[in-house]
Structure formats: structure tokens, C-alpha cells
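Residue numbers (the numbering used here), protein chains in the order written: chain A, 1 to 381; chain B, 1 to 404; chain C, 1 to 538.
Keep in mind the hints are simulated off the structure, nothing from the lab. What you are looking at is a predicted structure, and each value in this text was computed from that prediction instead of being measured. Ideal Cβ placement from N, Cα and C applies to all residues, glycine included. Be a bit skeptical, because a hint or two may be false.
Said to hold, decoys possible - Computed cross-link-like contacts, DSS-like style, restricted to lysine-lysine with a CA-CA straight-line distance of at most 27 Å:
no., chain 1, residue 1, chain 2, residue 2
1, B, K363, A, K262
2, B, K404, A, K355
3, A, K75, C, K532
4, A, K375, B, K148
5, B, K379, B, K363
6, B, K190, A, K355
7, A, K319, B, K379
8, A, K262, B, K190
To be verified - If the Cβ cut is set under 10 Å, some of the chain A residues that face chain C in the computed set are:
no., residue
9, G15
10, A18
11, F37
12, A51
13, G57
14, T62
15, A66
16, K75
17, V88
18, A90
19, L97
20, W118
21, N122
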Amino acid sequence: MITTSSKLLYGLGAGSLAAGFVWFITNEGQQLGSVMFAFLAVAFIFMGAIASYTRDGHILSTDTSAHGSSAAAQKSVGRSLWPFGTAVSAGVTVVGLISSPGIFKVGVALLIAMLAEWMVSNWAERASASNEYNIKVRDYIVHPLELPIAGALLLSVIVLSMSRVFLALDKSAGAIVFAVAGAVILFFGTLIALRRDVNRRVVGGILGVVLLALAGTGVATALDGEREQLVEAAEEDHFAHRGCTEEKEYSDKKASRAVAMKSSVQAAVILSDEGVLYAEVDGYETAQTAITLQRSNPSTILFINETDDARRMVLSYGKVVEDLGGGVEKETALEACTSKVEKGGQQAVTVVIPKPSSASDEPFTITVPGVDGAKIDVFVP
Amino acid sequence: MNNPRRRRVLTLAGIAAGLLTLAGCAKDAPQDTWQPAGPNAEMIDNLQQPVFLVAGIVGVIVMAAVAWAVFRYRDRGQAIPEQTHGKPAIEITLTIIPVLILIGVAIPTTSTIFDLAKTDDTEMVINVTGQQWWWEYDYPAIGDNADKYGLSQPIVTSGQLVIPENTKVLLRVTSRDVIHSYWIPKLNGKKDGVPGRVHLLRLEGSKPGIYAGQCTEFCGLSHSYMRMETIVLKRADFDVWVANQLAPYESPAEGTLAKEGESLYIQQCSRCHQVNGLADAEGNLIVSAPEQYVVSGAAPNLTNLMTRITFAGASWDLLTQQCRDDVWKASANEFGAKYLSGVSADCLNQKDLREWLRNSPEKKPMYVDPTKLQETNGKYRGMPALGLTEDQIDALVAYLLERK
Amino acid sequence: MTSTETHHAAGAASSSDAPAIAAWLTTADHKQVGRLFIGTGLFGLLGGLVLAVLVASERIDAEGFQLLDSGSATQVLSAARLLLTFGAVAPLVMGLAVAIVPLQLGSRSIAFPRVAASGFWMWLTGLTLSVVAIIGNGGPSGGESEMVDLYLAASVVMVLGLAMAALSIAVTGLTSRTPGMGLLRAPFFSWSSFVGSIALLMSLPVFIGTSVYLYVDHRYARAAFGGNFGVNNWVGWAISQPFTYVLAIPILGFVLDAVPVLGRTRLAQRPAANVAVGLVSVAIFASLTHRAVTLPWDGDGFFSGLGTKIADLLPFGLVNVIPLLGLLGVLGLTLLTLKSAKPMLAAPLPFAVLGLLMILLGATSHLLYTVEDAALGGTIFEAGSYVAVTFGTVLLAFGGLTYWGPKLWGRRIPDKAALPLALLGFVATALGSLSYMIAGFADQPAGVVDGFAYSGPQELWNVITTGAFALMLLVSLAFVGLAVRSFTAGEAAGDDPWDGTTLEWATSSPPPADNFSDLIVVGSEYPLADIKNSGKVG
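Please model the entire structure based on the sequences and the hints provided.
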């Protein structure tokens, strides 16, 4: 049936076809335009067919039984945040596109979340005639996703903010501040809990203000940076003082990475309380004064200091000579060191030795600076 | 049973089961855990024989009971018998009996595990390092190795682990890349080589000979080509072997094909493969640098290649079939001399060695395609094809033949 | 006087328990979405006009004092057109359509109300980011690479939003008419909004696709599309004739609806009006081919090279003449109607007639522009056509607001104040466009603001244009002021201030949340007149 709108659409479709032909004839060698018009014609004719099929969505005035179900009779849908959210997410995505992949990913995730929420709420609103039931149905579907994510976001704000504050405050000051803060929270929490008929809004408002304050402090401290000691320790790589040079005050002297790293080592090198250096090696029953490490194999050596002084283990494995040109050579000693380990402490070092010890002029050794005669030979076959 | 198709299936199943059973009777089975050739393997064998017996008897009883029940109470249209719930006497009995059996099995099992883990009477320590797809052995020149076995310098070899007879050898097993597992079934159980960890495994051979094994932890493309052999030598023969391994390098005579091969080796092979004592024209010792080319950072040391009778992860023989049989089937007394004679020019398995030199990745699948090495920063897993000419291969073979 | 049982308490539509801002952000009520479009569109209009005045004033002294450096001239030109076309004309027209079409069709809601709402926010987000990008030295010919990227990506979002709103309107026109209202019985504003939305739905995706190509090309290769300097070559059609007609299509229905009502008569030849509006939508053909179809008209004598001439004439006629015929048809029918009219003194009427005249001026002059023998290519003549069409559309939109504004916020815009604005706006448009056209004849180049010279009083033409643009800015400011004042202080409109014949006047002003409490089954093109005549309304 040729309806009014299908007349328009078929007409435009026919016009597109005609334009395509004209284009084809008048623009030799530029058939792209004709293709475009052909597609346009297909689109128009398709839409025209839909209009024909639905008879323009026309409902006869005499067909009273259809009036109630007609599109015009349907009430408008209720409010929804998701259309706005979708648009904002699109904006975030676009900004991310040109600024940083992180923002882009957040934008895409938001976009997907907003569209999903939109879809689910649209679906739920049509679940039944009862609005209350529809909300319940929606919540059943979405809450298992929404609540954990919202909770995780809230928690991450709290955790991130608190950790920023902790990292910025001095070690001891941090403990005091948070002890006091905890006490204050407990005090006011108790006060609120003891009162009857507390207004939910008041409690919510207080929590909101506290959260905002916490987040604000977190952002402020994050911008301000970590405390000086941590900055310095970070320069020391937090774990090991690799440079074998003079140590800064605040490097982490007890760090030795993972427990797993220490569970099965090539050798444990021990500086006894009498200042004697020896190695314990799996497979050997007695203390060793020489160890063998496989070439090119990442080998972990654990250093244990039993003396009263803070000591460091140094594994020297030759040197590399760089030819800088013009007869100038630069020598770099190959060394691996622990940071200074205090009494009873231990620290592991993993080293990969690429060349055999026989190829080096100097022997490979493990020594402890400041302890005379403390030496273990290292062989790399 | 009248269905011909069903009958055919049953017949085939019967034949397959029979063949499987017969396969257990293989005579020449070098990797047979039922033929122990050392005290550790015997301990395991002494445990598994009775356990197998007990398990077999229990298995037969259970199967027979099931078969009897299936036949006796098959559906003949009879009424369903009265359904009861629980018979405490039977349940308790049938719980206690297995518990007792398991306790009976657990006691010797636990004691065997502890016996196998004993290391305090170790006489020799050898480091075993797995990498894709071969095993490296290095004999540290410290402790008893140096004092009692004459190891003034460390020895590095690969593929074939040589140990003295009736000696408690302790392997310190580790890996340079992924997890591998060391297993010589006739000598002991298996032990994983895990990167960053050292695992201990005791080996002891009570009879001279070759004991084969293979990597038993899937480790990548050529896992099936990662084999190993342990050679047990009489103590005197072992001393000869050590002395030979430590002998100084002898450069081929000037003007020979082998000398050509040496310079070719220096150009093409010495980047990765170490030959101890090899020096360039100016007399500087050449140190290989496999860490620059190979993911694991290691390549087999070829100083004494021709004292080993296999190559490329012990996957191919360096000996022709006849010479190989001669060594493998030698009696315990003759074995040492035959093994120590190594690979002679007449016995050299030219075919496999040349194929290997011509195009190694074709013989043993390895990740050496330069277009696909981005993930490893351009480093190989295995040995790439070097594009050698036949003349160059001739020269290299001549040079390698002198590495004894 | 026409109060029916459809009444709710006035203002019920917008009152709810949600806070005001949340109410705006979450609304799915088409009237509110329409108001949002219109309100922001008025802002965009003022911004665009300020830039237009700036650019025009730069042209006065082609050699000397310059506010803008030559590099940013293209950007400011583009920004002015972006704001006028996509920041003012499009939202004003679409906003009116979103707000009014469902009311005219007797529908309780627009189709896909949330899509329409999201469309508004998308458009606003995209437009804002586009403007930010241009300010950050992006946009066409921009120097900041990332900002050019942002401009391209943001314009996709902006146009996507418009397409979403167009989708809602098109589907509403097709499916949400009250029982008995065939499409031919639909009011003309609804019909033209339907036609215009279909045309937009067919052409805006091309803009989106091209912009995506441009974005990818500009960001990664700059090989195929000419990078930042190629932007206007590829999507410039969206801010030029004849695409500007497409944006004007919906508002043509305002003329066809309002003139008979205000003239206290009926429109002659209704089906002809439907056809005329449909013909204008052929203008999308030119947009989609990405290039101006011109008429070379080679050869000396009329009969020499006739085949070539026909080959030239066919696409020219199809793309440039047919839309103009449609516009002429609308004008003709309007004039025909006015002949028998007893017009009331109401501001929408002059807005309608004068605005339509200006669009016709633009379209006719554009026809001339595309005839190559006129030698106008590359001259500022094109800007004259643009100004006529765009300002003409703005005048029509002002007319639409004075006509339907009472329905939207319940109060009238005072006629006495609005009437002079219509005349002043007409003067501003005519002066602004005609002086550019004259300058075009004298070969003032397009797209530049300095470094040109031609015989004739070149400063005079540009001074006139600047003055005209400034006048248009003042008119717009005054109109916005009037409109804002009428929100609160104007004369209460009543439900049917113009004695209308269509259904939007059958509900209260402003309408309740669901527009009509009961469906109104219609039996003719003038349902409200039928109701009044049958005496059912009292």
C-alpha cells in the first residue's frame, strides 16, 4: 500500500536512483557518487517499505479497540539519568581519545555501563503494570553488579585517600593522627548510636561530608607528594642498594623481596658473630668457602648477618671494558650488593653472571666490606 | 551378542588390550623402571613390587565382586528387592580394611621417601641445569670432587652425565628457563628442575652401562627431543674420563681440513658454543657469549663433543648403528673401554650430524624464525640454521671429530 | 475559553519532587528536552553572532589593523559557522520540533523520549568540546594537532546527538499520531519536521562517517584527507548551501501552520504544500556528493554542444533547482493563503513571511552562485547566501517561538515588542547578505579577512555587513530578553491564544506531563476547529 510517507520515501528513493544515473553519465570515471546514490536509494526504498508495511502507523478513528494500545496513547516514560550519563560518557570517551588511554578506557567502560543500565531500566519498566514490582525486578538484575562496583569505588576512594595521607605524614605522626581520628569516629559513632530517632539524612550528610573531606585531603596530599623518607627510599629502589655505593639513611634495610625467593637459594652466605664468612649450599653437608654458580643462570644468594654491625654482602664478578674510541677505555666493575643488613637480618640478591670465571683476570668473590678476610670464592664454569 | 557390529568392536577391543599387555614384555626397554640398576631405583622397586601386588589383589577382588554382582543381579524382570538404608557392620568393616591396607602401604612408602632423600653421605656433587631442550652438567671443582676425584677444574658437559660406579652422586637440579624434569628410570625417580630453585636428586649406578631417560615435564616445542643418558663407569675408567675432559686444548695441525674447520668454528659457532682453550689468531682465549643470542643464555659446551656418543639433547647418536650397538651391548667389564674410545672417524654417524649442521631446526623443531622473535628480543630458543655450504660442513665435521 | 477535561494544574509538567538540576538532567519529557534545545540554541546564536560580527569587522580594513592574525581567521570563520549552524539553527529548529510535534499529533509522548533526551546531551557535549577545541587552536586548519583531533571527534558526538533527536521526531511522525490522523491530516509543522528529520537521518551519518575518516587520517597518517587543512573540504558541506536548507525544512511547517491561523483562513492546496516541503529535502543529494554541483554551460551558441549542456543541466537541476522549487512552492502557497486572509496583528506572522523571503533570497542567490558563467565561485557571494538562509531560518525560529512559546511556558511574548524585532531582523538579514553578494560580484574572496582589494567601495560593503550583523545580534539579544521576561512576567496566554485549529492548542499551557489526559480522535485536518464547531468544548 502506498501511504503518504512511503510516497515521500519512494519518491526520494526514485530521485536518488535518478541522481545516481545522472551522476554516472555526467561524471565519467567517478562512479563512487553513483554507488552512494544507489545506497541512498536502497535506504529510502527500505524505509518506504517499512512505512508501507506499517501503513504509516495509522490508526483508524473507527478502530476504537486499537486506540488504547496506539503509540499516541502511551504515557511518557519516567525520569532517567542514563541518557544524560550516556552523553557524558561519550564526552569522556572523546576526551580520552585525544588525551590518554586511561581516560578513554574509563569513558568506554562508563558508556557500556550507562547503556546497560539504560537497557535494563527500560526492560524493567515494561515488566509489569506495577511500578513497585518493576523497580524490584530491576534491582534484582542490576544490584548484584551495581552494589559491588559502587562499593568497590567507594572503598577505593577511602583506601586511596587514607593511603595517600599515610604516605605523606611522618611515620609516627601518621600513627597518632589515625589513632586520634579513630577515637573521634568511635566517639561520635557511639553518640549517634545511643540516640534514638536519628535522622537518616543527618547521618548520611555527616558521612558525606567526612568522605568529601577525606577525599579532599587525599587529593591534596597526593599532589603534595610522599614524605621525604619515602622519596629517598624510592631512589634506593626500596629493596636493595644496588649501586654498592654509600647508602642513604632511609633505604629499606630489611627488605628482601618475596619469601619464595628465599625458599630455595643457590647458597646462603653467613657472616657469623665471630666475623667468619661461610656458605651453606644445598647438597653439601659442611660449611663451604667456595661456591659454584651456573653461567647465565639467575642465581639467588641469601646474605645473613650475625654480627652486631650493619654489614653488606658484595658479589664481585669481574668487570666489563668499554672501548670509548680514541684509545680511551672505560672499566666498570661488575658487582651485586645487598643493602646494609643489621644483626639477625637477611637479604637476598639475584645475579646473572654471563661469563665464566676462568675468562676473568680477577677471581669472582663474595666479600663483606669492613670485615678482613671475609671471602668466599665463586666459580662459574 | 548377535549384533555383528558389536561383535567386531569387542574383537578389536580384545586385540588392543592383548597388544597393550604384550607391550609390557618389551625386551630392549632402556627406560624401564622395573629393571633397577642402582640402590635408589632398587629401593623404589622394592616398594612398588609389594604395593603393586597388594593393589592387584584388591583390584581383582573388587572387579570380581562387581562382575559377580552385575551377573547375579542382572535384570531378569524380577521384583525390586526390599530397599534398606545402612548396614553399620559392613560399612565399618569396609572402612577399616582399606585403612589397614593403606597403613600397611604407607609405612614402607614413607620410609622409602626418607631414604631416597638422604644426602648426608654424598660422595660427589654435580649441578644439572635444564634449558630448552637439553641438559647441562657441571662438575664443581670444590669439596670432595676436587679432593677425591681429581677435579682440579670444573667440567662442563651436556647430554650424557658420566658418574663413577657405586658412588653416591648428588644432583643439584635447576633450570635456566622453564620447568623441566630429570628422570633416569633405571636409577631413581624424577625431580623437577625449576628456575630459581635447587632440587636434590641422588643417583647411584651399580653396574657400568648407559641409562637412558628423558625430560618428563612438558617444556615446549621440542620437549620430546629433550633426552638424557647417564653413563656409569668403573672408578678407574671415570678417572680416565676426568683426565681427558681436563686435558688442554689441541689445535688441529696446520693445513688440515680440521684446521679450516677450526677457523670456521671460530666464525660461526664460537659465539654460542664454548670450546675450552680455543684461541684466536692472536692467542686470545675465545669466550662464547650465548647470553646474547639464546633465551636460556646457554649452549652446549663442545670441548669434548666426541667423547659423548649422542648430540642435540641426546636425541641423535654420534655413532653409526653398528658401533652404537657395540657400546650399548658391551659387557660390564668391556663397557668402560668401549665408551671411552669415543667416536672415531669410521664410527661417526655422518648422516645425522651433517643434517644437523645443514639445517638444525628442520631436524629438531625450535623457535628460530627471525620474523617471530619479537617476544624474546630477537633471541633464539634453540639453534638456528647457519646456511653452511657442503664444503664448510666437511671442514666442521673434520674439526669436531677431533674434539675428544 | 477552550478549557477541556484535558487540563491539569498549570505547571504540573515541570514540578516534581526531584531537585531542579536533577529534574533537568534526568528528564524524558519531550517539552523539557525541547526547551533545553531552544535555550542552549539561543546561547549558541548569540555566540555565533558575536563571532560573525568580529569576522565581518575584520574585513572592513583589508590591509591595516587586524584583531585576528591571519592564521586564526579560518578558525574563527569556521567557529562562527559552526555556532550558527550547529549551535543555533539546528537546536532551535530541532528543539521546536521535539517540543511541539507530539502535541500537534495528539500524542502523549515523543517516540523514544530518552533517545531524544540523550540526543540533546550528546549534542551539547559535542558542541561544547568542539568549541573548546577551536579555542585551543583546533578545528579546521587548527595548529594544535590534539585539538584538531578533539574537534573532529567532538563534532561526531555533536552530530550524533542531532541524529538521535531527528530519529525520535521521524518515528513520532510516523507512528505516534492520534487515531484518525493520517499523515496528510497532520499539521504542517509535523509533516515538515518528519520530512526534515528523515533528510537529516540520511545526511548526518555521512557527516559522522566522514569525520571519523578525517579523525583517523589526521591522527595517524595525514595521507588521504589533507590533515587539518582538509577538514572543510570534506565536511564543509554541512555548513554550506544547500545543506542549510535541510536544517530549515522543519521550520517551513511553522509558516504553513501559522499563516492560515493568524490570517484567519485555511491553507489553499494542502497536498501541494506537502509536496513542496518534500521537494526541499532533495537538497541532501548535494550534501552527500561532497561537492558543489555547478553549471559550466560551455559552448558559444545555445545549440552548440547541446548534449554536454543537458549533461550539465541534469545534475544542476536535480540538486539546486528542485529544492528551490520546493521553497518557491511554500512561498507561493503562503502568499496564496494571505490573499484571502484577514490577518491579525501578531508577531509570528511577519517573522514567518520575512524569514521565508530571506531563505528564498539565499536559495535563489545560491543558484546564481553555482552557475559558472556568473564567475562567483570562490567569492564572498557564498557567504551572502549563507547569511540569508541562516538568518532567515533564525527569523522563522523566532516566529515559531512567539507562536508556540505561549504553549511551552504559558505566557505570551508581547506582540508590540516582537513586531519591530521581526522588521529589524529582516533588515539586518537583507543588508548583511546583499552587501556580501555585491562584494562577491566585485570579487571579494571568501574565507579570508584581509589582503584583498577590488574596484569599488570595498570598505562600504563590509561596513554595512558588520553593521547588519551587529543589528542582528542586538535583535537576537532583545528577543532573548523578551522571551526570558515572558517566562515570568508576561501576559498569561490561555490554552488557545491564536484560535488555532490543531491539537497542540487543545491542551493546557503549558501542557501536563502526558500532554493529553484522553486521546482525541480526529476526523479532519482541523481537529480543534471540529471540536469547537461541534460545541463539545465549553
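Tested hints:
1. B:K363 to A:K262: violated, 40 Å
2. B:K404 to A:K355: holds, 24 Å
3. A:K75 to C:K532: Distance of about 26 Å is within 27 Å: holds.
4. A:K375 to B:K148: holds, 24 Å
5. B:K379 to B:K363: holds, 20 Å
6. B:K190 to A:K355: violated, 30 Å
7. A:K319 to B:K379: holds, 24 Å
8. A:K262 to B:K190: holds, 24 Å
9. G15: holds, 6 Å
10. A18: holds, 7 Å
11. F37: For F37 (chain A), the interface hint holds, since the closest Cβ of chain C sits about 7 Å away, which is under 10 Å.
12. A51: Because about 6 Å separates A51 (chain A) from the closest Cβ in chain C, which is inside the 10 Å limit, the hint holds.
13. G57: holds, 4 Å
14. T62: Holds: closest Cβ of chain C sits about 8 Å from T62 (chain A), inside 10 Å.
15. A66: With Cβ-Cβ at 7 Å, under 10 Å, it holds.
16. K75: At about 5 Å, which falls below the 10 Å cut-off, the nearest Cβ of chain C leaves the hint on K75 (chain A) intact, so it holds.
17. V88: holds, 7 Å
18. A90: holds, 5 Å
19. L97: holds, 5 Å
20. W118: Hint on W118 (chain A): holds, closest Cβ of chain C at ~7 Å, below 10 Å.
21. N122: holds, 8 Å
Comparing the model with each numbered hint stated earlier shows that hints 1 and 6 do not hold.
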